[in-house]
Every structure is written in structure tokens, then in C-alpha cells.
Amino acid sequence: MSTIAPQFRLSRFVASLFDIIFWVILIFSLVGLPIVFIILFYIKLPVINNQLMTPYLAMTWMADPSETLPIIKNLIHTTFFHVLAFPGFGFAALLAAATIFVERKFLAKIQLRVGPLYCGKVEGILQLMGDGLKLISKEIIIPAKADKPIFWVGPLLFVGTAGAFVSLIPVARGWVVANPAVGLLAVFATIGFFPIISVLTAWAANNKWTFIGGLRALHQMIAFEIPLILSLLSIVIMTGTLNLSQIAESQQHYWWIVFAPISAIVFFICILAELERIPFDLPEAESEIVAGWLTEFSGMMYGLIQLGTYLKLYAFAGLFTVLFLGGWNGPMVWPPFPADIVTQGITIGPITAKIAGLPLFDQDMLNGTLWFVIKTVGVILLILLPRGVFPRIRIDMLLHTGWYKLIGLAFINIFIALGLLYAGVLGPGGLIQ
Amino acid sequence: MATQLPPGIRLETVDDRIMTLNVGPQHPGSGHMRLIIKVDGDYIVSCDPDPGYVHRGEEKMAEYRNYIQNIPHLERPVIHDSSNILYPYCLAVEELLGIEVPERAKYIRVIAAELNRCIYILYWLAIYGIFLGHSTMFMWPAGDRELFIDLLEAMSGARVTHAYLVPGGVRNDLPANFEERCLRQVDYLEKRLKEYLAVFYKNPILISRTEGTGILSRTDAIRLGTTGSVLRASGVNFDIRKKEPYDVYENLDFETVVMKEGDSYARSYVPYLEMFESCRIIRDAIRKMPKSGSVRTKLKPNPKGGNDEVYKRVESGRGALGYYIVSNNRPEPYRVKISVGSFRNLICMPYLLKGELLGNMPAVYWSLNYWPVEADR
Numbered sequence: 001m002s003t004i005a006p007q008f009r010l011s012r013f014v015a016s017l018f019d020i021i022f023w024v025i026l027i028f029s030l031v032g033l034p035i036v037f038i039i040l041f042y043i044k045l046p047v048i049n050n051q052l053m054t055p056y057l058a059m060t061w062m063a064d065p066s067e068t069l070p071i072i073k074n075l076i077h078t079t080f081f082h083v084l085a086f087p088g089f090g091f092a093a094l095l096a097a098a099t100i101f102v103e104r105k106f107l108a109k110i111q112l113r114v115g116p117l118y119c120g121k122v123e124g125i126l127q128l129m130g131d132g133l134k135l136i137s138k139e140i141i142i143p144a145k146a147d148k149p150i151f152w153v154g155p156l157l158f159v160g161t162a163g164a165f166v167s168l169i170p171v172a173r174g175w176v177v178a179n180p181a182v183g184l185l186a187v188f189a190t191i192g193f194f195p196i197i198s199v200l201t202a203w204a205a206n207n208k209w210t211f212i213g214g215l216r217a218l219h220q221m222i223a224f225e226i227p228l229i230l231s232l233l234s235i236v237i238m239t240g241t242l243n244l245s246q247i248a249e250s251q252q253h254y255w256w257i258v259f260a261p262i263s264a265i266v267f268f269i270c271i272l273a274e275l276e277r278i279p280f281d282l283p284e285a286e287s288e289i290v291a292g293w294l295t296e297f298s299g300m301m302y303g304l305i306q307l308g309t310y311l312k313l314y315a316f317a318g319l320f321t322v323l324f325l326g327g328w329n330g331p332m333v334w335p336p337f338p339a340d341i342v343t344q345g346i347t348i349g350p351i352t353a354k355i356a357g358l359p360l361f362d363q364d365m366l367n368g369t370l371w372f373v374i375k376t377v378g379v380i381l382l383i384l385l386p387r388g389v390f391p392r393i394r395i396d397m398l399l400h401t402g403w404y405k406l407i408g409l410a411f412i413n414i415f416i417a418l419g420l421l422y423a424g425v426l427g428p429g430g431l432i433q
Numbered sequence: 434m435a436t437q438l439p440p441g442i443r444l445e446t447v448d449d450r451i452m453t454l455n456v457g458p459q460h461p462g463s464g465h466m467r468l469i470i471k472v473d474g475d476y477i478v479s480c481d482p483d484p485g486y487v488h489r490g491e492e493k494m495a496e497y498r499n500y501i502q503n504i505p506h507l508e509r510p511v512i513h514d515s516s517n518i519l520y521p522y523c524l525a526v527e528e529l530l531g532i533e534v535p536e537r538a539k540y541i542r543v544i545a546a547e548l549n550r551c552i553y554i555l556y557w558l559a560i561y562g563i564f565l566g567h568s569t570m571f572m573w574p575a576g577d578r579e580l581f582i583d584l585l586e587a588m589s590g591a592r593v594t595h596a597y598l599v600p601g602g603v604r605n606d607l608p609a610n611f612e613e614r615c616l617r618q619v620d621y622l623e624k625r626l627k628e629y630l631a632v633f634y635k636n637p638i639l640i641s642r643t644e645g646t647g648i649l650s651r652t653d654a655i656r657l658g659t660t661g662s663v664l665r666a667s668g669v670n671f672d673i674r675k676k677e678p679y680d681v682y683e684n685l686d687f688e689t690v691v692m693k694e695g696d697s698y699a700r701s702y703v704p705y706l707e708m709f710e711s712c713r714i715i716r717d718a719i720r721k722m723p724k725s726g727s728v729r730t731k732l733k734p735n736p737k738g739g740n741d742e743v744y745k746r747v748e749s750g751r752g753a754l755g756y757y758i759v760s761n762n763r764p765e766p767y768r769v770k771i772s773v774g775s776f777r778n779l780i781c782m783p784y785l786l787k788g789e790l791l792g793n794m795p796a797v798y799w800s801l802n803y804w805p806v807e808a809d810r
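As given, the protein sequences belong to chains A and B, one line each in that order. Just so we're aligned: 297 in the working numbering is position 297 of the first sequence, and the numbers increase by one with no gaps anywhere. Just so we're aligned: 614 in the working numbering is position 181 of the second sequence, and the numbers increase by one with no gaps anywhere.
Bear in mind the hints are in silico, worked out from the structure with no lab data behind them. Please note that the accuracy of each hint is not assured.
As the list claims (entries may be wrong) - Derived CB-CB ranges, DEER-like:
1) A/Glu123 / B/Tyr486: 38 to 46 Å
2) B/Lys676 / A/Pro261: 51 to 59 Å
3) B/Tyr497 / A/Ile125: 15 to 23 Å
4) A/Cys119 / B/Tyr486: 54 to 62 Å
5) A/Cys119 / B/Thr453: 57 to 65 Å
A virtual CB, placed ideally from N, CA and C, is assigned to each residue, including glycine.
With the hints as extra help, turn the sequences into a complete structure.
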């Protein structure tokens, strides 16, 4: 017979609990509170209802339901919220996670399988969470002769670059993390980092397979970046701007895919190549070079790379939507917020409560987000589809496609765009406004 | 302390132009073997196959077991083609012991062998699909294979290691209503094979990857001693079922599939067409089979072979598969030598891969219809 904890004494356990509580209170009051006050000293506190929102006041307002909504409304317009939650990382990560699940189920349906089924009772909906937990709990193995700092920082750089790319995608009118005037150039600059990261990590891992995979990734991404840029040049010519929000705004009446279908096809093929998806998954071709430049990654480092890949997928699908499919523009299907609740308040029996800060989101933003998500999910499904249909392409055919066929095709649409512009069909004072 | 390297081997240096890649034995694209590939950039300079990682000494094991005990372990090298690898053993032992096989058993053997050939080719096709990165072509044949596995399970009781063919006939008779079920599933397979054509064999990327890669000319195919689908894809009309018919194959109606190109595409297309021929053979065999009768000649408890030697070969999924059995008046064979198609096809791999791109390696390698476990025996 054996007991689980033979030396267990309740008194010692309670004493240890008190011990922990004592040290937590001591450290928090000596270190935590000063840090909080130092941070508060530098943060510009917002003014709500002509009152400065000090932390103390915020706490009292949180207890008062009529004052809660203004605080939340104030919060969702901060840069912090933009970057972390809605148009930025959280939203993209949510869509990316949904993409992984949908990809597995979608591919399973093509291949006459069921896909994830057991984890989470309902159609394996929690499979992704299980996979994530597995990756977090796995050991991270670093090769003995690897260049360790670069190897460690590679996945972080990858996710960071993908996050930077995500931040440039406008989701709804005015809802974008970063809105530079040269947004499209910023996109090209950001995606230019990916081959460098691939080659760096591939070299740092000190493995022949990662080396070949990294070189393949470099070749592939550079070969397809040029048609990618050229295919978007026709959009820039037609709109006369590089700002992504303005490009989306310019498609209120017609989408650019109507005038630039060849560009859209070229751009779509380039997306597949940049994302290393089948038929262009040569850098990770498992039957030739194990897992390519990802061979030596294990545990959560591999998980981070996967997260970055799917963030990148979302960002490219969003970019396709913004450039060719009208971005957030679409019929107004979202119902307006009832105006009498804002002006007269809600009447429940004898009580009439007037809630400040309503509506939380305006109708335009919700409608725009809805259309953006619908279109982006459609593009994502199109990106997923080739995986069930095509085998892998070969490197010489890939380079031939990138450097020769796609560049030629992209030029055709540039000439079409210029023709439309000089014929007076598009552009300022054109036939179609 | 510098370690002394054996003569002829030197360490690679960073500025070497030629890089050595060890594809396998722990590599998703190698199987249970190693390919020592030297690449110059993306071109393969030389390829040295190194089989033997799953050598199990089947031939030596056979010398310590009597003729009946040898049945289950001799099918282990290719468990997904187990009827065909036992077929020549049964033929050889029957000749050695002078056993006559009942007519119905001969037809049942042919049905089992052809069902197993389809199972083997579907399995092979699944791996060919995933080697080329086509995941749908991995899942579809692997799923459709289950139907034929179910048929063989109904016949023999085991899903993969059937041990169904025994010297003297087959182990047991067909179950009730087997014929209708078999014909229904054969019809279904033919329907599915047409879908494979649409999704895989007519895929433009697949055609551009496999057509013209790893060309094996007719003379080279004969000179290198290749067999099976590799030989037939190079334009040689050689099928043991036609050339040296065993059991009842001469009564059955089928044709040999021959293609002239000799490239990877032809080598992958010939087994696909052979599945149609197998379906034809199964239909024909079910039609011509005697509806009742004995299926097994009873053997003596511990039969002794005479002072004799015998060589029998059949057409397996990977080509000619022969058993050379020597006996010396004992219940155990004196020597069993298995000649397998896999090993013979492996020989042409260095010739085919030389000068090819590294990306063509999986396309050429698996088109050789090579099964490492069988090659090692």
C-alpha cells in the first residue's frame, strides 16, 4: 500500500498558504504598486463626461451600469485595443484559427474523410485547442550546432512580420491599425522580410534539409514577388493612390476585379506561392526535403510558425478583398440601432433607464466588417481548395511560371488599365465614376 | 583528436560543390531504406540505394519450418499483397509433394490473387499520390482499398495477413453470397478508378512533373533485368500470367497492359490500367468458376518433399515473383530462395536518377513499384 502524499499535514498546508499570501501582498505593495503609479504618471487619462477618468473613478463607474458603456466605448478606440484585439492581432488570430479548423474539415470532405471528430464533442471543434496545448507542452529541441540566437528569434520574427502585415489591412471604414499613405508599398516592404527570415532560420538550424528548403523559399518568394507587385500596379494606376483604405473606398460602385481580372488571377497565384501552399509548397516538400526550412522546429516554435503562416494567409486574403473585391463595401444589411433607445432610454416596467454611450459600434462599421469577413472567408476557401486538387509543382516549372508567364500576364493588365485611363473610361472625369 | 576515416571516404567541407544527402532511413520520402544522393545544386549527380534495413531472414527461417509452418511467415514481406507472394510457394510445394489442386480452388486462388493485386496497387497509388504532394490521391485509394480488404476478410478471416493460399488449394471455401458482393464492389472500384483519372492522371501538374522524367528505354529495361509494370511501361510485352500461365489464367480473358514511353508517367499509369484488367479477370473467374466442389486437397500431417528442386514464378503486383525450393527428403525445405520484383526494379534507380532534379526523386523512386520490405526479405 502506498499513499499519494505520506507526509501530508493540514496545518503545514494552511501555513504554506498564508506564507504565499503574505509574500504576494508584500511584493505587490513594494514593487507592483509603484510600477502601476509610474505607468499612470505617463499615460494620458481620457476625459469622459467632462471628468478625468482616474483609476479610482473608473472603478466606481464600472460598478455603475449607466457609466460602463462610455468606458468601453473609450477603450475600443484606443490604439492598444486596435493593435491587440479588433482590426489587429486578436481578430486575425481568431480568423486564422477558424481557417485551420475549416481547412481540416473542408479537406476531409474532399477526401471522403470526417476530419477532426472527437475533441470537443461537436465535430471536433476543440481540436485546434488540443493541438495548441500539445505544441505548448512539447519539448523544444535545439540542434547542437545551431546558431542559437537566430534560431530562437526566427519564429518570433516570423509572427511579428505576419502581425505587421495584418496591421495594414483595413477591415472597415476607419478601422485599421496602421493607415500610412503608402500602404501598398508598406505591404511589399513587409512581405519582403519573409524570405529573409526563412533563409536565416534555415541557415541557423545547420541542417541540409533546412538549407535546401530555405533556398527554395528564397527563390520562390523572390520569383513571385515581382509579378505580385506588377499585378497590383494596374490597381494603383486606376485608383491613383497607394493607400489601402482609399483603394477600398474607390470601389463603392464596381470592384476592380471587373477591370483587372488578369491581375486578380496573377495575384491569386502569387498568394499561393507566397504562402507556400500546394501546388507551390516546395519549401516544405516532405517527400523530397523532409519539412524544408521547418525541419528542425519543434514544440511551440513550430506552433508560432504555423500561427504566423495562417496570419499571413488571412492578411493576403484580406488584401485580395481590399484590392479586388471592394473591401468593406456592400449593401447595408446590418439593421440600424433603434434610435428611441438612444434618445428616450429603455423602459422596463416602471423604470426608464437612459444608457449613455449607445450605440457601441456604428452601423457602418458593423456592416463593413460583415462584408469584409464574408469576402475574406470566400477568398480563404479558394486558397484552401488547391490543396485537395493539385500535386506539388517542381522547382524549375515554378521559376518558369514566376519569372516568365506571370510577369507577362501582369503586364497585359497594366496596358489594359492604362488604355482605360487614357481612353477616358476611368480616372478623374472618366465615364465611370 | 582527428578520427581516422576509412579509405575512400572523406569529410565534406563547406565549399564543396557536391552535397551528399542521406534520404532515409528516417525520411518521409524514403521507405525502409536509404538513398545516398549526391547533388550538384538541384541536380542529382549520383544515387546509391542502400536497402537492407528490414532484412528479416525469411529464407533462413524457411529452412527451420516444415512446409505448412512456412505459410504465415513467408507472406510477411508484402502483407498487402500476401496472396501473390504465397502463390508461387504453393505452386512449388504442390509440385514438390505431387498434390493435385481441385478446379474450384484454382479459380478461388485467382480471385484472391487479383483482389490482392488491386489492394496492393491501390496502396502503392496512395503513396505515389502523397509523394507527389497530392493528398487527395492518398486518401481516396486508401479508402477504396478497404472494400477489397473486406472481401478478403470475408474469404479468409484476416484483414491483411490472409494466409489464404495453402499448398493443396485454399484454406476454406468462399462465404455465402460472396459472388454478388464481389461483383458489386468490383463495379464500384471501376467507377472510382475513372474518378482517379480525372483528379490525378489527367492533372496537368502531374503530367508535367512525370512525363519525360526518368526515361527507361526498352533495351535498358531488358538489360537491367527489370520486371513487372516497369518492364511493361518500357514497351516489353511480358506478363507471366500470359507467358507462363499458371493455374487457370490461360482460360481467363484479359490483356497485358503495355506502354511505350518508359517514363514515370507510364510506369504509374500501367498499374492503374492493370486494375481494370484485374477487375476483368475477377468477373471472368466468378463466371467460369465451378459452383461447388472441394477447395482443398488434404495433405499428410508432416509431408516430406522428395530429393528434388523446383522453381515456380507468378506475376505479383511488382512483377515476377519466384520461389526456388530445394528439398532433401525432409519435412523442412533444404533451401528456399525468393526472387522478388522489388529488388530487381531497384537496380535501375541509379541509372534513372542520374542527372534528374532532386524534385523528381520521389516521382521516379516510387514509380519503380518498389517495396523495401520485400526487397530485403
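Evaluation of the provided hints:
1. A/Glu123 / B/Tyr486: 38 to 46 Å: holds (41 Å)
2. B/Lys676 / A/Pro261: 51 to 59 Å: For B/Lys676 and A/Pro261 the Cβ distance comes to about 57 Å; the hint holds.
3. B/Tyr497 / A/Ile125: 15 to 23 Å: Distance hint for B/Tyr497, A/Ile125 is violated at roughly 55 Å.
4. A/Cys119 / B/Tyr486: 54 to 62 Å: violated (35 Å)
5. A/Cys119 / B/Thr453: 57 to 65 Å: violated (42 Å)
The earlier numbered hints that this structure contradicts are 3, 4 and 5.
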